[in-house]
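Dock chain E against the given chain S, drawing on the hints supplied.
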Amino acid sequence: MKKSVKIILTVSLLLVSVLTCFLFAACQKQETYNAQIEFINQGSDAIAALKTGTAKYAVLGEPAATMAGANAGATYRIDLQKEWKTLTGFDGYPQASTVATDNVIENHSAFLQKFLAEMQENVAWIVEYASSVTGVLQANGSTSKFPSEQVIKNCNIRFESAIDAKDSVNKYLEIMYSFNESFVGKMPTDNFFSSVKPNKDAVLPTKEGTTAINVVVPDGAPALAIAKLLNDSEFAGYDVHYTIVSGAQEISAAISNGSADIAIMPTNLAAKLFGMGKSIKMVSSNVFGLLYLVGTQEIKDFSELNGEKILCTGQGGTPEFVLKYILDKNNVKTE
Amino acid sequence: MKKILKKWQNVLYLLLSLGIIVGLWALLAKIVNIELIIPSLQSTFRQLGRILSAKDFYIALGSTLWRSLASFAIGAFSALGLSLLSLLKPVKKILSPFIKIIRSVPTMSVILLAVIWLKPTVSPIFVAFLINFPIMYSGFLSAMESIDGELISMSKIYNVSLKDRVLSLYLPSVAPAAFDCMQSSISLTVKIIISAEVLAQTRNSLGIMMQISRAYLETAELIAYTITAIVLSYLLELVVFGIKKAVVRWK
Numbered sequence: 000m001k002k003s004v005k006i007i008l009t010v011s012l013l014l015v016s017v018l019t020c021f022l023f024a025a026c027q028k029q030e031t032y033n034a035q036i037e038f039i040n041q042g043s044d045a046i047a048a049l050k051t052g053t054a055k056y057a058v059l060g061e062p063a064a065t066m067a068g069a070n071a072g073a074t075y076r077i078d079l080q081k082e083w084k085t086l087t088g089f090d091g092y093p094q095a096s097t098v099a100t101d102n103v104i105e106n107h108s109a110f111l112q113k114f115l116a117e118m119q120e121n122v123a124w125i126v127e128y129a130s131s132v133t134g135v136l137q138a139n140g141s142t143s144k145f146p147s148e149q150v151i152k153n154c155n156i157r158f159e160s161a162i163d164a165k166d167s168v169n170k171y172l173e174i175m176y177s178f179n180e181s182f183v184g185k186m187p188t189d190n191f192f193s194s195v196k197p198n199k200d201a202v203l204p205t206k207e208g209t210t211a212i213n214v215v216v217p218d219g220a221p222a223l224a225i226a227k228l229l230n231d232s233e234f235a236g237y238d239v240h241y242t243i244v245s246g247a248q249e250i251s252a253a254i255s256n257g258s259a260d261i262a263i264m265p266t267n268l269a270a271k272l273f274g275m276g277k278s279i280k281m282v283s284s285n286v287f288g289l290l291y292l293v294g295t296q297e298i299k300d301f302s303e304l305n306g307e308k309i310l311c312t313g314q315g316g317t318p319e320f321v322l323k324y325i326l327d328k329n330n331v332k333t334e
Numbered sequence: 000m001k002k003i004l005k006k007w008q009n010v011l012y013l014l015l016s017l018g019i020i021v022g023l024w025a026l027l028a029k030i031v032n033i034e035l036i037i038p039s040l041q042s043t044f045r046q047l048g049r050i051l052s053a054k055d056f057y058i059a060l061g062s063t064l065w066r067s068l069a070s071f072a073i074g075a076f077s078a079l080g081l082s083l084l085s086l087l088k089p090v091k092k093i094l095s096p097f098i099k100i101i102r103s104v105p106t107m108s109v110i111l112l113a114v115i116w117l118k119p120t121v122s123p124i125f126v127a128f129l130i131n132f133p134i135m136y137s138g139f140l141s142a143m144e145s146i147d148g149e150l151i152s153m154s155k156i157y158n159v160s161l162k163d164r165v166l167s168l169y170l171p172s173v174a175p176a177a178f179d180c181m182q183s184s185i186s187l188t189v190k191i192i193i194s195a196e197v198l199a200q201t202r203n204s205l206g207i208m209m210q211i212s213r214a215y216l217e218t219a220e221l222i223a224y225t226i227t228a229i230v231l232s233y234l235l236e237l238v239v240f241g242i243k244k245a246v247v248r249w250k
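Chains as they are written, first to last, in numbering that gives the first Met the number 0: chain S, 0 to 334; chain E, 0 to 250.
Worth flagging that the hints you see were computed from the coordinates, not collected in a lab.
As the structure is a prediction and not an experimental result, all values here were calculated from the model.
All C-beta atoms, glycine included, are put in the ideal place defined by N, C-alpha and C.
Don't take every hint at face value.
Stated by the list, open to error - Covered stretches of chain E (chain S as the covering partner; in silico rule of three or more C-beta atoms under 8 Å from a C-beta of chain S):
1) 32–38
2) 199–206
Claimed, not checked - Taking lysine-lysine and the DSS-like style, the derived pairs with C-alpha atoms no more than 27 Å apart in a straight line are:
3) K118(E) <-> K323(S)
4) K323(S) <-> K54(E)
5) K118(E) <-> K55(S)
6) K323(S) <-> K55(S)
7) K81(S) <-> K323(S)
8) K332(S) <-> K118(E)
9) K50(S) <-> K118(E)
10) K118(E) <-> K308(S)
11) K185(S) <-> K29(E)
Only chain S is shown next, with the shape it has when bound in the complex:
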């Protein structure tokens, strides 16, 4: 065969191979879907919309997610915490964490270890005594209701000490930061995570008088993390005063003005306050996500959300960013 023909044949074969590869890649490209997110102020607004049929899907936290099932027929759900685990490898996102002031960590270490041990025991207690939990919380100023053991389980209240939760916290904050830097402020350094661990047998120092410790927690699921402590915990030599407040801003103000020694708060705000120079450290993570995509019609795959409207609370917050992250990773683009 003439040399020129050989060259032409070789080049043609190469071109056909390259073209075939491109065509193959184009066929493999996943289809993208589109959904619209409409923000609402609170779960009850979504329940009304689901009931009247103006929306089929909503992202709600517990106990609103269960109420939507009971009141609006939104019995189908996708567990966003499981989806988070599939995508990141971490079992839920550490939405709320406990922080303590440097004073408590350094000067009342034994008390803190026992306090954390009580929080650890609380995880099983709230399930075992589920029927009493609402009463205990409401007796201490909460307005929340947790009607069943399943609802409490759905809130994903766990205990992980700061060191154990560090990677999970960093991953969560990194993803939230990618949506809005102001949500986190500065990504926390390793100093943010205290090395204190729960120790039931820690020996409290004997001393004259009592030391007052103020614990502030937000109402709702985070309050579940101290239900047992509200019910029956005592610490010799310490007068622990618990306050359940309505919002994270009150907790932030309490940390800032020194009226809170220990607080449960949104993890991103804890990181933000640490970044602002407040003398606090994270000592544990306690709420690992409680968001559910509920619907009045069955949803087996994210592709079924194509062209649909999804109601969502928490504009600019964890619900919006977690939903967008999961939808984006499942090829559902949102406005």
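Okay, now just chain E, sitting in the frame of chain S:
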């Protein structure tokens, strides 16, 4: 010197007021000394500079502005039309209980109900309308009822057409008081729109930007947004004042 002072006295008083406000703020910030609760002047104005250079801010501002203008326009025209009709006693008596109810309904319950009934982009307009309409209706009606009765009698004696009576007697007589009423209503409308945007979770709005700032503990940013809302209200009042000057001058 006296003439110069007299000419600029309004500006001087304004500067003095602003100076007192700024001074009190700086003092409070110093006393409290917690940036999260009362941010310093510097951090607030730094945030103000930042948001004024952000594209998102102008989208939100435009969105809140059109809602405010839409609500105000619907309220003003409805109030004008119904107050003219209310010159007829039977119409006034029929409308009276409705106006009393609308005026008495708590703003919060209106917002909470509107959020359920309407879309997030529309509910703030409805809420602000329910607040500004009865105020303007009462203001316009009161101005119309204070027109000199003899002028009205004279217009009837000389068989002046209804159209000419409305355009040449009622509207010009009512104009000064009506514009004063509208001037205060427009800034109230902006306030209500922003409050309703927070509860309705209206996307790309000043209300939501304020709420997110609060959620992110960005108090300085929240105050910066508040300053922009105050300036917006003031500028809209100036526009109404300018229109009043032109209309009354024409009269």
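Structure-based check of each hint:
Coverage of the segment 32–38 of chain E by chain S holds in this model, with 4 residues showing a Cβ closer than 8 Å to a Cβ of that chain against a need of three. With 3 residues carrying a beta carbon less than 8 Å from a beta carbon of chain S, the segment 199–206 of chain E meets the three-residue requirement, and the given coverage holds. This hinted pair checks out: K118(E) and K323(S) have alpha carbons roughly 21 Å apart, not beyond 27 Å. Simply put, K323(S) and K54(E) have alpha-carbon atoms about 22 Å apart, close enough for the 27 Å limit, and the pair holds.
The hinted pair formed by K118(E) and K55(S) meets the criterion: a straight-line CA distance of about 15 Å does not exceed 27 Å. Of the supplied pair hints, the one linking K323(S) and K55(S) holds, its CA atoms being roughly 18 Å apart against a limit of 27 Å. Of the pairs offered as hints, the one joining K81(S) and K323(S) holds, with about 15 Å between alpha carbons and a cut-off of 27 Å not exceeded. Of the pairs offered as hints, the one joining K332(S) and K118(E) holds, with about 22 Å between alpha carbons and a cut-off of 27 Å not exceeded.
Restraint check for K50(S) and K118(E): satisfied, since their Cα atoms lie roughly 16 Å apart, inside the 27 Å limit. Distance restraint check for K118(E) and K308(S): the Cα-Cα separation of roughly 13 Å lies within the 27 Å cut-off, and the hinted pair is therefore satisfied. Taking the CA atoms of K185(S) and K29(E), the gap is near 25 Å; set against the 27 Å cutoff, the hint holds.
Comparing the model with each earlier hint shows no violations; every hint is respected.
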